[in-house]
Amino acid sequence: MAEGSNGRRVALVKSDNYLAQDHLLRRVGQLLAQGDSGVRYADILHSASHNHSSPYYSTPSWGVWIFQDVVDLRMFEYQARAMARAIEEAAADLKPARMGAATVQHSLYKGNITGPQTADDGSPAGFPRDHGDHDLTVLRFDRYAPDTEAGWEPLAAWMNFGQHPESLDSYDLITADSLAPLERYVERDLGATLVFSQGDVGSAEGPYDGWNRGRLDDGTLVAWAHVGHAQTERGARLLADAVVEAWDAIGGGVVPSPDDTLVPFASDLEVGVTDGWVPGPVSHPVPTVSNCRSEPTLGGDPGVPVARLPGLRTGRRWRRARPLNPIVQNLKAHGIAVPDQYGAPAFTGVHRRRGEPAAASAGGQARRRRAGFVRVRGPGRPDRELQDAGERRGGGHLPRLRLDRG
Amino acid sequence: MRRISPAALITLLLLSLTTVTGVATAAPSVAVPTFRAGTATVDATWHVGAAAGQYSGVRAPQDELAVRSIRTPTTSPRPARTASTPA
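Here the protein sequences line up with chains Y and Z, keeping their order.
Quick note on my numbering: the first sequence kicks off at 1 and runs consecutively.
Quick note on my numbering: the second sequence kicks off at 1001 and runs consecutively.
Worth flagging that the hints you see were computed from the coordinates, not collected in a lab.
Be careful, since some hints might not be right.
[As the list claims (entries may be wrong)] Below 25 Å or equal to it, Euclidean Cα-Cα: the simulated SDA-like pairs (lysine to any residue) are: (1) Lys-95/Y <-> Ala-125/Y; (2) Lys-95/Y <-> Ala-1040/Z; (3) Lys-332/Y <-> Thr-193/Y; (4) Lys-332/Y <-> Val-1042/Z; (5) Lys-95/Y <-> Arg-184/Y; (6) Lys-95/Y <-> Thr-1041/Z; (7) Lys-332/Y <-> Val-1032/Z; (8) Lys-95/Y <-> Thr-193/Y; (9) Lys-332/Y <-> Thr-1041/Z; (10) Lys-95/Y <-> Thr-1034/Z; (11) Lys-95/Y <-> Val-1030/Z; (12) Lys-95/Y <-> Pro-146/Y; (13) Lys-332/Y <-> Thr-1034/Z.
[Unchecked claim] Covered stretches of chain Y (chain Z as the covering partner; in silico rule of three or more C-beta atoms under 8 Å from a C-beta of chain Z): (14) 172-185; (15) 215-229.
[Unchecked claim] Simulated restraints on C-beta separations: (16) Asp-147/Y <-> Thr-1034/Z: 16 to 24 Å; (17) Thr-1034/Z <-> Ala-125/Y: 26 to 34 Å; (18) Val-70/Y <-> Asp-1043/Z: 21 to 29 Å; (19) Asp-1043/Z <-> Tyr-342/Y: 41 to 49 Å; (20) Thr-220/Y <-> Val-1032/Z: 44 to 52 Å; (21) Asp-147/Y <-> Asp-1043/Z: 29 to 37 Å; (22) Val-254/Y <-> Ala-1031/Z: 19 to 27 Å; (23) Thr-1034/Z <-> Tyr-342/Y: 28 to 36 Å; (24) Asp-1043/Z <-> Pro-256/Y: 31 to 39 Å; (25) Arg-188/Y <-> Asp-1043/Z: 34 to 42 Å; (26) Ala-1031/Z <-> Leu-216/Y: 44 to 52 Å.
In this text the structure is predicted, and so the values were computed from the model without any measurement.
Glycine included, every Cβ here is placed at the ideal spot set by N, Cα and C.
This is chain Y alone, in the form it adopts within the complex (with noise of 0.2 Å):
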């Protein structure tokens, strides 16, 4: 919870839940109005963990009871209550403080899952398995103690970084993934609670053993997804490694690299939320699950949405080389529009929040250039905001929490 110099409170949540979603925010929302918080739904930053482990009978969106749980109004109930508790403790818990942000850069537990691929025509596709969003963005808050000798102590980290929790999900346990060592060893070091945010996760899984990632110095196999606990908690490690010397270079007012931002220590700044719906992009007007490429059903090879969800066709007769496929090309030639892409509608299948600027959380499963990432400001990316307006794509819902300092 920040509060401003000009009064104005924002709540950064972090749930464990599968994807974040409306409805339960609205409900906390409505919680919320009965307490004297002075937050409202509009200024709750949720972000859930994505966590593949974790119940999720909270969501009344029915595309999600597919391929996670079926409602249970119990938990949305237990769940929203749960979240309106945090937020009222720690808004009647608010301390003076100061505040400071860095990006700091972050390869080691990030992988690309897409990966490279073969184009219909043969040409290469895909992406480089190191294709993501690399910034792991913190910011610092320190309690003010003008009785310590530093005259401040450590209260809160909040993280973003794009990461997908699925590693223990062939367990078929309850778990908190790696986020559950990324958050205590973070905590040991730091002596203060680690808020943690997903960042581009629905690009970036892995290192899978598969891959080819080599070894640390130590000998450790760089591979973290889905090869046991020992290995993801040691990709846990290198990841609070990582927050650490974030925290660190927050503290000291020196960034490791020049690809690093900072956002040096304010204890006078004032809080700013907007909040607003904006409409799909032209390419992709209506939400749609299961998506098949046009081309090679009008080649002759039909993909039918859901029917074979979610990969449908496999691609492999398509990833040999062939020709263009000529109807596709005359029909484009002559002007005709036709989409690259076609699929289920999904109204009511999946409810989203997507965040950005200085600090905002996916809600759903954001892409690395496809919807819109955590980035700090400060003064020694100026690039950065033409860079963040480039990469804002897609629709959804666009809570927005600016830092900026005054």
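Given the structure of chain Y, go ahead and fit chain Z onto it with the hints provided.
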């Protein structure tokens, strides 16, 4: 009974002020922040196994729904059943 002279009293007051000033100078010269922050962690574990319901030593989430105040602790012990308490 000895009476303290006005001059001594003023000196004592000055010394006191000096002491207070000295303490204030030794403290970090940081103005009290206008920015404030707070944290809270709440257990939102959804009981889905043998720890749930009648097998739980603490109040189950399902029971929580009967509680009107969202400030009521969720971990308070389940009230002991007596002969007059319906099962």
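These are the hints, each one checked on the structure:
Taking the CA atoms of Lys-95/Y and Ala-125/Y, the gap is about 51 Å. The hint is violated against a cut of 25 Å. For the given pair, Lys-95/Y sits about 12 Å from Ala-1040/Z by alpha-carbon distance, which is consistent with the 25 Å threshold. Restraint check for Lys-332/Y and Thr-193/Y: the C-alpha separation of about 55 Å exceeds 25 Å, so the hint is violated. Among the hinted pairs, Lys-332/Y with Val-1042/Z is inconsistent with the structure: their alpha-carbon atoms are about 56 Å apart, more than 25 Å.
Annotation: proposed proximity of Lys-95/Y to Arg-184/Y holds, straight-line Cα distance about 24 Å (limit 25 Å). For the given pair, Lys-95/Y sits about 16 Å from Thr-1041/Z by alpha-carbon distance, which is consistent with the 25 Å threshold. Pair hint Lys-332/Y plus Val-1032/Z does not hold up; C-alpha atoms about 66 Å apart against a cutoff of 25 Å. Simply put, Lys-95/Y and Thr-193/Y have alpha-carbon atoms about 14 Å apart, close enough for the 25 Å limit, and the pair holds.
Only pairs whose Cα atoms come within 25 Å are accepted, and Lys-332/Y paired with Thr-1041/Z is rejected, the gap being roughly 56 Å. In summary, the hint linking Lys-95/Y to Thr-1034/Z is supported, as the alpha carbons are separated by about 9 Å, within the 25 Å threshold. For the suggested pair Lys-95/Y and Val-1030/Z, the alpha carbons sit about 15 Å apart, so the restraint of at most 25 Å is met. For the hint pairing Lys-95/Y with Pro-146/Y, the CA-to-CA distance comes to about 12 Å; that is within 25 Å, so the pair holds.
Distance restraint check for Lys-332/Y and Thr-1034/Z: the Cα-Cα separation of roughly 60 Å exceeds the 25 Å cut-off, and the hinted pair is therefore not satisfied. Given a C-beta distance limit of less than 8 Å, the hint that chain Z covers the region 172-185 of chain Y is violated, as 1 residues qualify and 3 are needed. Only residues whose C-beta sits within less than 8 Å of a C-beta in chain Z count toward coverage, and the region 215-229 of chain Y has 0 of them, not enough to reach three; the restraint is violated. Checked against the hint of 16 to 24 Å, the pair Asp-147/Y and Thr-1034/Z passes, with Cβ atoms roughly 20 Å apart.
At about 53 Å, the CB distance of Thr-1034/Z to Ala-125/Y disagrees with the hint of 26 to 34 Å. Checking the proposed 21 to 29 Å range against Val-70/Y and Asp-1043/Z shows it holds: the Cβ atoms sit about 23 Å from each other. Range check, Asp-1043/Z to Tyr-342/Y: Cβ separation about 44 Å, and the 41 to 49 Å hint holds. At about 47 Å, the beta-carbon gap between Thr-220/Y and Val-1032/Z stays in the expected band of 44 to 52 Å.
Between Asp-147/Y and Asp-1043/Z the beta carbons are some 31 Å apart, a value that agrees with the proposed interval 29 to 37 Å. Distance hint check: the CB atoms of Val-254/Y and Ala-1031/Z are about 24 Å apart, consistent with the given range 19 to 27 Å. Taking 28 to 36 Å as the suggested C-beta distance range, the pair Thr-1034/Z and Tyr-342/Y does not conform, at roughly 54 Å. In this structure the supplied range 31 to 39 Å holds for Asp-1043/Z paired with Pro-256/Y, their Cβ-Cβ distance being about 36 Å.
Between Arg-188/Y and Asp-1043/Z the C-beta distance comes to about 19 Å, which lies outside the given range of 34 to 42 Å. Taking 44 to 52 Å as the suggested C-beta distance range, the pair Ala-1031/Z and Leu-216/Y conforms, at roughly 46 Å.
Hint compliance for this structure: hints 1, 3, 4, 7, 9, 13, 14, 15, 17, 23, 25 are broken, all remaining hints hold.
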